[in-house]
Amino acid sequence: MSAQANTTGKDAGQPIAFVSAQALRARMHDAVNDPHLRTSFRGAMDFLMAKRAAQFPDADELDSLRSLSESIRQYSLSKLPDLLEQLEANLTRNGVQVHWAETPEEANAIMLGIAQRHQAKLIVKGKSMVSEEIEFNHAMETAGVGALESDMGEYIVQLAGEKPSHIIMPAIHQTKQQIAKLFAEHIPGVDYTDNVDALIQIGRRVLREKFEVADIGLSGVNFAVAETGTLCLVENEGNGRMCTTVPKVHIAITGIEKVVEKLEHVAPLFSILTRSATGQAVSTYFNMISGPRRGEDKDGPEEVHLVLLDNGRSQAYADEQLRKTLQCIRCGACMNHCPVYTRIGGHAYGTTYPGPIGKIVSPHMMGLEQTHLLPTASSLCGACGEVCPVKIPIPELLIRLRGEANSEPHAKPAMRGQGAGHSTLVSFVWRMWARVHARPGSYRAFSWLATRFRAFTPTRQGGWTAARTPLQPAPRRLRDMVKDRR
Amino acid sequence: MSKAPEMAGAGHGTRSYPPRPEAVYFYGTCLVDMFVPEAGMDAITLLEREGVRVIFPDNQTCCGQPAYTSGFPDEARQVVESQLDLFPGDYPIVVPSGSCGGMIRWNWEKVVASDPALKARAAAIAERTFEFAEFLVHVLDFKRPDQGPAVTVALHTSCSARREMGTLLVGRELLARLDNVTLAIHDHESECCGFGGTFSLKHPDVSTAMVSDKVASLKATGACQMVTADCGCMLNITRRAAREDLDAGRTTPSLPGEHLATFLLQRTGGSETTRKEDAR
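Protein chains in written order, with the numbering used here: chain A, 1 to 486; chain E, 1001 to 1280.
The hints are simulated quantities; they were obtained by calculation from the structure and are not laboratory data.
There could be a bad hint or two in this list.
[To be verified] Calculated pairs, DSBU-like style, for lysine-lysine (alpha carbon to alpha carbon, straight line, at most 30 Å):
#1 1202/E - 391/A
#2 391/A - 1119/E
#3 163/A - 1119/E
#4 163/A - 51/A
#5 483/A - 1202/E
#6 1143/E - 412/A
#7 412/A - 1110/E
[What the hints assert, rightly or not] Covered, in the sense of this in silico footprint (three residues per stretch, anywhere, with C-beta under 8 Å from a C-beta of chain A), are these stretches of chain E:
#8 1060-1073
#9 1132-1146
#10 1173-1183
#11 1197-1205
#12 1241-1252
These numbers were taken from a predicted model, which means no experiment stands behind them.
The beta carbon of each residue, even a glycine, is placed where N, CA and C say it ideally should be.
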């Protein structure tokens, strides 16, 4: 992953951070000024919010399920090293080959190795955000191995040469007319139609053929159960089941945080996942994969692999507060409810994971050099934290990351790129602010001057006056009014 | 356009309330002190009219929220430490702004957590800190005859107030107790107005998009004014509306806004604090 490589160089940090921050601002600017994008995301997010709300009519039930889910995730993380070992032992016993990858490059190399050993020409993929995170398709194609998305949304995004704009609904930014045009352009023998059912049938026909000829099927994992060595996969289209059963080889890839100890831990998480994500009581498919085909089995892959990816997760794990980031079960509810995401869509973030969760997880994956502006792109309204099914305190983590980015670079940073957003001037301003406000006498003098000389208040007030009339202190302060009366 | 579901926002559960006290501390917040002192004064007048003595600690400055949320915890800690001595008595602390109230209630403890003694003091303060509207409903059970003409108003509840202080319901409750006031619920009522402190300065594009949507949905209700209990949101929304008026050449404000305290005082026979507002 080229972006990854850029930040490992010692000198590369600052200029990239600058360029990246500028680029993020430019993308956000373009996005909010795109009326089509604004309307379509607003409509889609309203729809998803309503679907979720309909699944949780009872606030107490929701709260207790959230608490239960939070405690399962926290318990699992508290035993993560042991659970990963247990998972590996039980998967191995079940005949699954387990691989460990610290970086995206390592993960891609492992999977390319498997592909080359089987002389694979085509890998057909179920939906996997981790594969997006490591830019799997790009890595395979560079090495001459085809990688085809089989989730309808991912397929559309791949045809368009884009990245997902939402972790659950990758093509949510595309209209049916745009999809119709894509299909007509890219699929031989297909004429333009914007009939949604017809489009789905076209996609289905193309993909069906590919399942038959693919050498390898790739999938993600929603929950990996340590005690049984089971990989659970939640999906709606059946393509996940096809990918994991039809080709001779199945490779699953997931982040190291996805493990739970017991099978009974899966049920509540599964329930709150589908209800939070798409507002479904259950998904259409729920796959439990526990190894390759055995002697008497009539179907299933002959070989199953699991790639466990770190990519910055152990950095988050090492810090008690930042560890909460890893509780995430990737439902996307935080983005559905985010007023910022609703206005800029997923692409503007420039990261694999957009929205509130993207702002707190991407800095661990990519380093703060490239991502330090992301945590500031939030009004801290708290909608994300309120709907998070595992109660990740997202606003609190955003504040923490702001601090990691702002602070002066020091010797023992909690994360890569600490201090990347440090500005001597900004730090000085805040130090002065603290001096004024931590000394009541100074504050009284400052506020007296500000009100007395209010006529000299600048009328250009940066971002504030970009769209608002300027602020001016009142003629008299509240404390003066209080004194007058007594 | 379909209405988004309302978000309840009772993120911190319910709390118990003390009996009606003889006195309260009034923590005015820096924003009210310097920019909207009338709102603070009206809140004080209202509390006193309910028979509660109001103590205004003169050494109050700021709750530290700007530094805290901007990721400057040391600077926030210095300011918070300077504020821990302000409330020597056992009286409740009333804050006329949801986000500042939320800062005291949930974050002062975190900010000074490295010192156990300070943490304990911050926790004790948090326990008796109440948002103004919350205090009126749950502690004073504020009920006064509505003396104003029939009006329709819209209510904006700040995100912090709703999520940290649970005040969506109390704001509505107070308006519901006024016979001649109709509350118009605006589209996406529970959505953020786009202020977010330094967010509005750092990300003007997105912040502007958010506040413009908020102004549009408030205006679409046809309400004659907006009422809110958070001065940050109020300045954000009304100054955006004022800018739209300016750009459109309108001379009367299309969306006036008032603090809930001012509105309640006017409606129930008090005379609100006035100043000559700037023409700009």
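For each hint, the structure was consulted:
| no. | hint | in the structure |
| --- | --- | --- |
| 1 | 1202/E - 391/A | 27 Å, holds |
| 2 | 391/A - 1119/E | 24 Å, holds |
| 3 | 163/A - 1119/E | 46 Å, violated |
| 4 | 163/A - 51/A | 25 Å, holds |
| 5 | 483/A - 1202/E | 37 Å, violated |
| 6 | 1143/E - 412/A | 57 Å, violated |
| 7 | 412/A - 1110/E | 22 Å, holds |
| 8 | 1060-1073 | holds (count 12) |
| 9 | 1132-1146 | violated (count 0) |
| 10 | 1173-1183 | violated (count 0) |
| 11 | 1197-1205 | holds (count 9) |
| 12 | 1241-1252 | holds (count 3) |
Of the numbered hints given earlier, the model fails hints 3, 5, 6, 9, 10; all others are met.
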